[in-house]
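Asks: Taking the hints as your guide, dock the two standalone chains into a single complex.
As given, the protein sequences belong to chains A and C, one line each in that order.
The working numbering applies: residue 1 is where the first sequence begins, and numbers increase by one.
The working numbering applies: residue 1 is where the second sequence begins, and numbers increase by one.
Just so you know, the hints here were simulated from the structure itself, not pulled from any lab data.
Ideal placement from N, C-alpha and C gives every residue a C-beta, glycine not left out.
In silico negatives: residues of chain C with every beta carbon more than 10 angstroms from chain A:
hint: 1; residue: G16
hint: 2; residue: N22
hint: 3; residue: S65
hint: 4; residue: R72
hint: 5; residue: S80
hint: 6; residue: D84
Selected chain A positions facing chain C (in silico; Cβ < 7 angstroms):
hint: 7; residue: G42
hint: 8; residue: L43
hint: 9; residue: K102
hint: 10; residue: F105
Only some residues are given here: those of chain C computed to face chain A with a beta carbon under 7 angstroms:
hint: 11; residue: K42
hint: 12; residue: G43
hint: 13; residue: L44
hint: 14; residue: S46
hint: 15; residue: L49
hint: 16; residue: Y101
hint: 17; residue: Q102
hint: 18; residue: F105
hint: 19; residue: K107
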Amino acid sequence: DAGVIQSPRHEVTEMGQEVTLRCKPISGHNSLFWYRQTMMRGLELLIYFNNNVPIDDSGMPEDRFSAKMPNASFSTLKIQPSEPRDSAVYFCASSLRQGKEKLFFGSGTQLSVL
Amino acid sequence: KQEVTQIPAALSVPEGENLVLNCSFTDSAIYNLQWFRQDPGKGLTSLLLIQSSQREQTSGRLNASLDKSSGRSTLYIAASQPGDSATYLCAVRREAGAGSYQLTFGKGTKLSVIP
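Only chain C is shown next, with the shape it has when bound in the complex (with noise of 0.2 angstroms):
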């Protein structure tokens, strides 16, 4: 059975710093990996998709990284703002199969970036 593991489930940095989380999974066997942004009392939005052939995806000061042979991705977030203050999940879809469509999702890392 697949598990996401986010270490640390919670984060406060001081404005303007570069920061990394961490997300590992235990089956390599997977097709993709996503990373959203849950603020408080809303939905989740995604941030950045990686299939599993690829190494890393980018979107602004965003960037997420894939090591998929040790179970392992990070999200590098650059010049952290006020504004990326919220929780940050991770999730990951099984390779074809029975319940390939389901996700597996990490319990997230809660960010405070401190102005």
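Pulled out of the complex, with its shape left as it was, chain A reads as follows (with noise of 0.2 angstroms):
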């Protein structure tokens, strides 16, 4: 198995702009987390699918931030305006079992937000 596939690995943009993050979970893996990791602030949850339905969308900061998960192979993470604030590396991360199991982490999308 590829493991979690994350793209782009880097995103420099300009403020205001949209940026639009992508993520291939582990095949078979019901769970879906997105993270944030600063160094200020470490790993924040910013939203979890299971079974591509939104369970918890509270760590999303912003109305600026937005996420889906059309299919079971694939999820997106948009933030639109963009600020320089956002920079930060974005994981994502799937799991079975709602997350009772390990935690699959993806290789991460370093955001930098001039």
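Replies: And the structure:
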């Protein structure tokens, strides 16, 4: 298995632009998580999907952030408009059984908003 | 609210030394605890997962213990190697209930193994 696949690996954009991050979870995993990692705050859960349905989006910082999971093999995290304070590493992770099993992370997207 | 603390934030040891990384959590009502490794510029890799009913888990040179009642876990690395250099994070999953799917992460311990 190729593991959790995220794209792009790096994204540099200007303030105000739309950013879309993509994730392909491990086949068969029914739980998908989007995390954000910064030096100051560590790892923060943004949103959790179970069986493609958003269960908890309370970690999404603002309405500028949105996430979708149209099918079991694809999810997107969109920021529109982007701001410099959104600069961080965004991780997608997948698991079985609502996260009761090991959590598998993608390599992350390093986002820089200038 | 669950809080996870890892001390020290950074650790430097000579190659071959045995070492222990510490993790403490404030709420003992956990479902399981995971230890992760993160290499620079990479994602997290799950090393060991301990269920709340277990006392320890072993994988190769790694041994993780859990004392749920005291809110502590340790990760023991035997015969450390330069390739073990990375940041190690622990994360706890709460017992069943609202938000139980969430993991609460510590800030990690950055380990450097000097050749």
